[in-house]
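Protein chains: 2
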Amino acid sequence: MNPFFVPLVGQVTEGGMAQAEAVEKALSSHLFEIFILVLATQVVGWIFQKIKQPVVIGELLAGVIVGPALLGWVVEGSLLEFIAELGAIFLLFMVGLETRMHDILKVGKEAFIVAVVGAILPFFGGYYFGLYIGFNQVASLFLGAALVATSVGITARVMQELEVLSRPYSRIILGAAVIDDIEGLIVLAIVSGIATTGAVETAGIVRLVLISFAFVGAAMALVPFVRRIPLERLPFQSPLGVAIAFGMGMATLASFIGLAPIVGAFMAGMVMAELREEYELEPPIHAIESFLAPIFFAYMGVQLDLAALTSREVLIAGVVISLIAIAGKLVSMFGALSQGLRQALVVGVGMVPRGEVGLIVASIGLSAGAVDEKEFAIVIFMVVVTTIIAPLSLRPLIAWADPEVPLTEETA
Amino acid sequence: MNPFFVPLVGQVTEGGMAQAEAVEKALSSHLFEIFILVLATQVVGWIFQKIKQPVVIGELLAGVIVGPALLGWVVEGSLLEFIAELGAIFLLFMVGLETRMHDILKVGKEAFIVAVVGAILPFFGGYYFGLYIGFNQVASLFLGAALVATSVGITARVMQELEVLSRPYSRIILGAAVIDDIEGLIVLAIVSGIATTGAVETAGIVRLVLISFAFVGAAMALVPFVRRIPLERLPFQSPLGVAIAFGMGMATLASFIGLAPIVGAFMAGMVMAELREEYELEPPIHAIESFLAPIFFAYMGVQLDLAALTSREVLIAGVVISLIAIAGKLVSMFGALSQGLRQALVVGVGMVPRGEVGLIVASIGLSAGAVDEKEFAIVIFMVVVTTIIAPLSLRPLIAWADPEVPLTEETA
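Top to bottom, those sequences are chains E and H.
Start counting the first sequence at 20; every next residue gets the next number (this note's numbering).
Start counting the second sequence at 20; every next residue gets the next number (this note's numbering).
The hints are simulated quantities; they were obtained by calculation from the structure and are not laboratory data.
Treat the hints loosely; a few may be bogus.
The list makes no distinction among identical chains, and a pair is therefore deemed to hold if it is satisfied within one copy or across any two copies.
To be verified - Result set (EDC-like, lysine to aspartate or glutamate): computed pairs, CA atoms no more than 20 angstroms apart in a straight line:
no. : residue 1 : residue 2
1   : LYS71     : GLU182
2   : LYS71     : GLU423
3   : LYS69     : GLU180
4   : LYS69     : GLU251
Please take these sequences and the hints and turn them into a complete structure.
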């Protein structure tokens, strides 16, 4: 069935083509949803530009407004989720494109410490707090796991808005986020293993660790060779075509080996960064990103169920677990103290958002029966708080820590 | 459920999270499909560049190769269909952006004659041929209806590749295609009405005609005002944001009133054409189009079921109906004789492809029970032939009819 030609058959005839109509209707309504998300992110984003607040929060809020929590014009669904995923992929591809590998390697030690400390503290904090408030052991493990991995998308967008992606603190955050994602993956694998088998399967975990490091290492090893490749002589329609195919391919490969697709997209972007000036790859990739990435942020808003957050019990536990989530990442800033206290604080705050990574951990726990609805709502609360608080505080914080970035700077 | 973090849980644990996994798996496989479509269209498109053939045919062929007909790596599905639809929307938005309304109006009379003749002849040709080979009356009506509307996407892409979108013959094709789509819609509404109620409901058809003309008229009436709008002062993040929101909004509106979304996108592009230079809208829209439009063409190839076309009966009827489809549009070229015989021939051939419009008519007939599998396969055959033959012949034809376009021109 094909939507390019959507007749008013429903008004002219009386049934007989119910199936065709149902498909047409669903497709038109997805078109409507994309339109609403584009429109809402543009308008609310503009308001946030005017009041000098992070546009990404405006886009998230736009999703809350048009989503089930308020207007109900846009609902959760696998199609929108995929478009949102493409948005996240192009966002991280673009961030990678603006990142030079040797700049990340320069801060490799700092990034590693930040990532490790920022994973261990929140995990055990969450685990013991879960036990303390009466979660069973498996649910407590999931709670801890949901606190591990940073959702770098939101922080990356704020850094992009402020044009500070090339600063050392930004590089530490990006490097730590890549390591973080691998850690989060391993923790989730272990916790899932315990939840379903009651034991840890060492072989699976070792394989996972090896594959992850091999993937990131292989991508980094590509960089010196890429510089010498004349893109226009490859069997592709255009250099932009090479870039898009490579980005999508690395995202797919990452998901096949069990990593987040956005990690693959980021690594692909970092590889292509070596060629971005020669082939003017940034403007077209930025154009695609500027269409799709706001849909990603808005979709995170669409997924927020405000109603589930109104129970007093959930609220109190949510506040405490949010504090643990924030504190755990803030302490990890000591790994970045070489950059001075202020910029180390930027790193700590930049690692706070859990976003979609926390959501997926909680969802897996929920569908495995390891986490109940109430425990799920607590994780959602934490995700909302950490995802909103980081960009709100990052902007003034960066202005304070980095004198070259005025707070009142106009962003486009 | 969220795909940003796809763990190897399947390898570490044993079930318990079947649902979550199923969703993850579907989403990763869609990512794989998009990657394969990007890669295949890039590589096959490059081959077609090298052998000086229309890239769009290469992209269509890429879809056939990776689709169920051959490799089976990409299959039909509502998600890919929607991405393909977005591709068609951005393609026609881009084509609209390169079209000035007063240029279309200059050739309005020619476009109207081409559209009307090119709808009447194929419709009655298809209807009577259907009766002749033993289709019942309703199936014959559907056969006729499937022959009415041109699929302008393929022709538009060839004209874009050759950079002849501003020539009078291109404008006649674009103008006629908009009228054509409205005609096709009305014919389908009438035929569907007869199929299900056995009678024509006049009120519904009149309303449909009025709404269609009001939509196109309203969009055209916007043009003189648009020139005076300072986009940067609208409550949108950026002028590009205004353009994308307007394009998606018009596509959605078109689908709501029963027109094809691509008609809305084309009208939106034509309105924004008045501002495209001032705000440099073309490069970013072109970037988005260059990611999504090849997916549209490849998806048309994915949908082609080569196996259904092997019956001798279907082949013979398919060849005859294809000849009727081609002849009907070729005769309509007399409406464009003011441009000389050669360029009128370009118009006739440019109107030949039926593409997705023919497919949707056949699908509606099939799901309404008015058309059987064999009759459906005949329409598919016609769609394949008309969709492939037009761009293959258009390229040398334009080179012959328009001396400013050398046949060997390199396209990007």
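These are the hints, each one checked on the structure:
Within a single copy, LYS71 and GLU182 get their C-alpha atoms as close as 15 angstroms, which meets the 20 angstroms cut-off; across copies the closest is 43 angstroms, which misses it. In this homomeric assembly, LYS71 and GLU423 come within 20 angstroms of each other (Cα to Cα) only inside a single copy, at 17 angstroms, whereas the closest approach across copies is 52 angstroms. Taking identical chains as interchangeable, the C-alpha atoms of LYS69 and GLU180 lie at most 20 angstroms apart only when both belong to the same chain, with a minimum of 14 angstroms there against 41 angstroms between chains. Within a single copy, LYS69 and GLU251 get their C-alpha atoms only as close as 42 angstroms, which misses the 20 angstroms cut-off; across copies the closest is 13 angstroms, which meets it.
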